[in-house]
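Combine the two chains into a complex, taking the hints into account.
Chains as they are written, first to last, in this note's numbering: chain F, 1 to 363; chain Y, 364 to 496.
Honestly, I wouldn't trust all of these hints.
[To be verified] Going by beta-carbon spacing under 10 Å, a handful of chain F positions derived as facing chain Y:
1. Glu36
2. Glu45
3. Glu49
4. Ile209
5. Tyr227
6. Ile235
7. Tyr295
8. Ser316
9. Tyr320
10. Ile361
It should be emphasised that the hints constitute simulated quantities derived from the structure, not laboratory data. Glycine included, each C-beta is placed from N, C-alpha and C at the ideal position.
Listed below are the residues making up each chain.
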Amino acid sequence: MNGFEINVGPAHPSTHGVLKFKLTIEGDTIKKAEAEIGFLHRGKEKAAEDVTYMSYLPFVDKIEYVSALNMELLYSSLIEKALNIQISERAKYIRTIMAEFGRIMNHLVFLAAFGEDLGLISEFFWALRERELLMDIIEEISGGRLAPVYIRPGGVFFDFKEGIENKIIEAMEKLEYKIKEVHEYAIIKNSIFKARTKGVGILKKEDAINLGVTGPNARASGINRDYRKLNPYLIYDKLDFKVPVFDEGDAYARCLVRMEEIKESIKIIKEATKNIPKGDYLIKMPWIIKIPPAYTIEIQETPRGEIGMILVSDGSERAYRLKIRSASFFAIKAMEKILEGEKIANFYPILASLDPVMGEIDR
Amino acid sequence: MINYKEIKSEELRKEAEELKDKYFLFSIIVVDRINEGKFELNYLFENKENADLINLKTFILRNDPKIDSISDIFPAADYEEREAYDMFGIIFTGHKNLKRILLPEDWPFGYPLRKDFVINDEIRNWTGTDLRW
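So that you can see chain Y by itself, here it is in the shape it has in the complex (with noise of 0.2 Å):
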């Protein structure tokens, strides 16, 4: 059984802090609405005892893409909040650790998952740092 609800982004944390006994978190799942200028955020949570979801659904700014950290509250958030960071360049305030995760530290291009990424011949044939003589 799915819940559904959409929520503000500043309720995030209080809406976190109720679910924090019975649920844990399954996944956070971004999704890149270029055309209305927004980011959609779906935290999907996990009843610890049977199968129920809760899908928390919230909207933020794409040009200025924040929102609270809830690592804290759910240590599962950290690794999910740093892909999300990676891939969409979402900053997560109050995030501890918050840096690239799954990319090199020095990737130069940007974020891969926005849908105004778009692969050409450089990305293509780029290959880190140069450690040639």
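Bound-form chain F, shown alone (with noise of 0.2 Å):
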């Protein structure tokens, strides 16, 4: 006999902007899934072949809205590697505070998205509380909030301000103890959550490898992979931090993964921040700049996981061609075989655990 098909989205709150998946169910079980993407689809590929590089910098914080920092940062390194410039070390160690600061946001989003979800809606407001400490500061530093263009090829567009370092220290010190006394309480140690998300929607090592799956859910599923350890990029050889990894591979050891690392971001930003050199903070560099004719790769540990721009520049103005290699994209390729033979309640928990950001897998 033939089962359900049932559609989940394009229009729903749960599935993290418009994500379309046909469930064939029988009884409660899925038996098979199959994504539907493309809704978000705005050609910033193309885009990419029409606009200087310099103009390209706005396009980036919108691929990928939710840690754009972090996007900034992949793009302009490219611009740099594709140059073969050099930044001043100040750059960089601003740049890793930047870059963390994106990590936690992002985290912070995840688990406000994945309480709310589970009907945790006090997580929703806890979470975003927390984020807004960050956003306040960024919003001092580089005068936006979810989309600051602050990173730019040759360092950053403005210079810390006077005594900020002491902002970024004392909001970190607040953040930790909220995420020790509130949000673990709130969602690791609660029974609830617990029971909702142990054992629910595992994907297995070897699968998790096998469809590129990369970053946090690639950590919970047992494999130890970090590409700021692996290749170390700005400033990440000289810092001290762990790289978490849980061996379940279920929905709570994705949530896990997060909440460590949001714990170590913290101890990064604390590091680099009281060990922040002296020195020029942008290389002057013209607007417009033309690149030879090359093939740059470009791979960094986002939130999401890995996410490389790859450029083939033809000695023009303008990218010959711009790919840019989305992890979530894989995630979702995961989530069809993560759903196989699970029951259609823990689609929810399954979704918000992989954190996709529709903006970047539609590109």
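This is the structure:
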């Protein structure tokens, strides 16, 4: 007998944007799942061929709007690599701090959305309240909040203001306290949350790596792989931080990984802020730049996994081709596999635990 | 460390089999080399243990864009090949579910990332299937 087919999405608050799943069910068990994506496709790769290299910066922010700072960093590093530019030591420290800000903010949105999906509305407000702490600092530094065009090829747009270091340390201590005293109890020590996520949506280790899943999702499946450690960029080789790895591979482990990563990021920011050297924050470079013909690959560890940008340049002031390798794109493919044999009620916890952002998937 | 290797398009499956145990597919980068009448396909593989990369480069003819699918060897290639089909119109023979992925299924204007694709007013104002009464 053929099962029913039900459509989940694309317009549903729990689908984290506009994601549609076609589920073939029997009883309440999912037999087959097929994802339908592309509802947010804006042609970012085509746009890169139309505008100059520097003018593409604001576009990059909107590819991945939850952790825009990490995408700015990735694009700026790509241009610097193609032009063979070394940035100053101070810029490297500032960038590291901002990248970890992006990571914490992304993971807080993850906790907020996860809580909301499971009916824990308080967590939604609490996590976004903590995110506001960081948002205010970013606003003070860059002038922008969700999409601060702050990191640019050659360094950063503005230097740190005087006294901002103390504010950062203060905010980090507050956040550390809140994570320990509020979010651990609300989420990972909450017995209802455990009951809904433990053993749900297991992604096996072999499947994860063969499907190209990276980042926190892979680390929850026992894959010890972090690009910050494998191929250190910026100042990550000078910093002392741990990479949390869990073997269970279920939705609960994916939540634990993010929780631990927030704590590690707080440590990184504190250490980097204390040791920030004096010097230039920006290397002067013209607004219109020409990149000689080359094939440049830049891969970095963003909060969502390994995102890569591959630039094919032809000597003009515009990219000949810019490929953006999305990390969530592969997580959605893996989700089709995870869902087979799961109950429909577990669909939302699994989706939330993989942390997809549609802007990045559809580009 | 990046290893660049240029192969013939017929050898792709053989080369991919050899990489299967140690590497995973990171991305497929298609470049439209319109002046040479060719598509350049770059298969980027990443080592499972460290950050080593292997870039397999191959060319196929632009007026007959066909190449063997590797989606049965590397499951991650499934979506990447569908995207290459969607954006460039490359046919991956042996792919089980080759259809548009990012663009709508009723998209009538061809393949947008090809260099001869020009964005005109008709495309700008296209809203999909007419669903009015």
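Verification of the supplied hints:
{"no.": "1", "hint": "Glu36", "result": "9 Å, holds"}
{"no.": "2", "hint": "Glu45", "result": "6 Å, holds"}
{"no.": "3", "hint": "Glu49", "result": "8 Å, holds"}
{"no.": "4", "hint": "Ile209", "result": "5 Å, holds"}
{"no.": "5", "hint": "Tyr227", "result": "7 Å, holds"}
{"no.": "6", "hint": "Ile235", "result": "17 Å, violated"}
{"no.": "7", "hint": "Tyr295", "result": "8 Å, holds"}
{"no.": "8", "hint": "Ser316", "result": "13 Å, violated"}
{"no.": "9", "hint": "Tyr320", "result": "7 Å, holds"}
{"no.": "10", "hint": "Ile361", "result": "9 Å, holds"}
In terms of the numbered hints stated before, the structure departs from hints 6 and 8, listed from lowest to highest.
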